[in-house]
Amino acid sequence: MRRGWRARGLAAGALALLPGCGLVTLTHDTLLGPVSPLGAIHDVSVGSDFRVTESGPAADTEGEPLLRPYPADLLERLAAPHSFYSLTQGLEAAIAGFSLVVQRDAREAELPDPGVRAGLRTGLDAEAVLRLLGPPELWIRSPSRSLMLYRGRGRRSIAFYLGVPPLASIFLPVPGLGNLRFRYTSSEDRVEKLLLFFDADDVLASVASSKVDP
Amino acid sequence: MRRGRATAAALAGSLLLGCAYGVQRSGDSRFLEHKLDWQPGVTSARDVASDIGPPDLIRGSPGRLVFVYRYEREVRTSLVLSAYLRLFTNERRRHVDSTLVAVFDDGDRLLYYGVEP
Chain D
1 MRRGWRARGL AAGALALLPG CGLVTLTHDT LLGPVSPLGA IHDVSVGSDF RVTESGPAAD
61 TEGEPLLRPY PADLLERLAA PHSFYSLTQG LEAAIAGFSL VVQRDAREAE LPDPGVRAGL
121 RTGLDAEAVL RLLGPPELWI RSPSRSLMLY RGRGRRSIAF YLGVPPLASI FLPVPGLGNL
181 RFRYTSSEDR VEKLLLFFDA DDVLASVASS KVDP
Chain X
1001 MRRGRATAAA LAGSLLLGCA YGVQRSGDSR FLEHKLDWQP GVTSARDVAS DIGPPDLIRG
1061 SPGRLVFVYR YEREVRTSLV LSAYLRLFTN ERRRHVDSTL VAVFDDGDRL LYYGVEP
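Listed in order, the protein sequences are those of chains D and X.
Under the working numbering, the residues of the first sequence are numbered 1 to 214, in order.
Under the working numbering, the residues of the second sequence are numbered 1001 to 1117, in order.
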């Protein structure tokens, strides 16, 4: 009787481990998030295009199954000659990670709010525009005119996957059914821009925008 | 006979296809969609910005102002035949980088422009 329960427990444990590191690391990142001393580890554990940068290991998960039991390039990571170089880089990044100097991650920039942009009208001087929108990304000045360019960046992505989930294919008695799959990914990097033309007296003469304000 | 058919069906089933299609776009494509009928010496930098929006890059030098517009597209397709191992893989990647350059004089009048769709 006890042996039966033990067998069932082992089977349940094996089933839980079948998704492998994907499930574990996704749970880790979701539950512990930024408070974990390991940081975010899911991308690195299941992603492709693995590389080690000066900030540590990195990989891409775009278009990859999130519950992959092991990374697609596992052998390459472990056994390729460059893996030793990656290991050295990883150690260096780990040692550098103990430094007290912290660099803030770059943020996606945004254009000033539409409500603020609505205050733009020709005839304003450069000082008023700067007060309204803040400093531009680029300011080109010449005796005859000047230009201010503001930019905001954003990314939109869609992924669609059609196929039998990896675990479910084990239980369906059709050989190769798990291989039947279709994946569609689409991503778009949008740059919203606002260009201001000033005349020789630094008075706003014209506004061009890539975004149509309501 | 029946066993042979079953084996053949199993083998055929195990060679089912795996396909992937990915598209990545970057930038504003308005300069590709817009009909460009600008006239050197007549069209101004404001007209250009009004027609197709602000540029992605601006270069300013004495007597010259350069607007650069860019739009990138990348399409990746892959077909994988697998039976537990990848038996056959066909991957294609097509990257198109479209650019428009417009050069203006110090009066912001168009001197010349070029576009590569």
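Among the hints, erroneous ones may be present.
[As the list claims (entries may be wrong)] Residues from chain D shown here face chain X by an in silico Cβ test under 8 Å; the list is partial:
#, residue
1, Leu66
2, Arg68
3, Ser186
4, Asp189
5, Ser210
[Claimed, not checked] Covered by chain D, per the in silico footprint, the following chain X stretches (three or more residues, Cβ under 8 Å):
#, segment
6, 1092-1102
7, 1106-1115
Derived by calculation from the structure, the hints in this document are not laboratory data.
Even glycine gets a Cβ: it sits at the ideal position worked out from N, Cα and C.
Going through the hints against the structure:
no.: 1; hint: Leu66; result: 16 Å, violated
no.: 2; hint: Arg68; result: 14 Å, violated
no.: 3; hint: Ser186; result: 5 Å, holds
no.: 4; hint: Asp189; result: 4 Å, holds
no.: 5; hint: Ser210; result: 4 Å, holds
no.: 6; hint: 1092-1102; result: violated (count 0)
no.: 7; hint: 1106-1115; result: holds (count 3)
In summary, the structure is inconsistent with hints 1, 2, 6 from the numbered list given earlier, while agreeing with the others.
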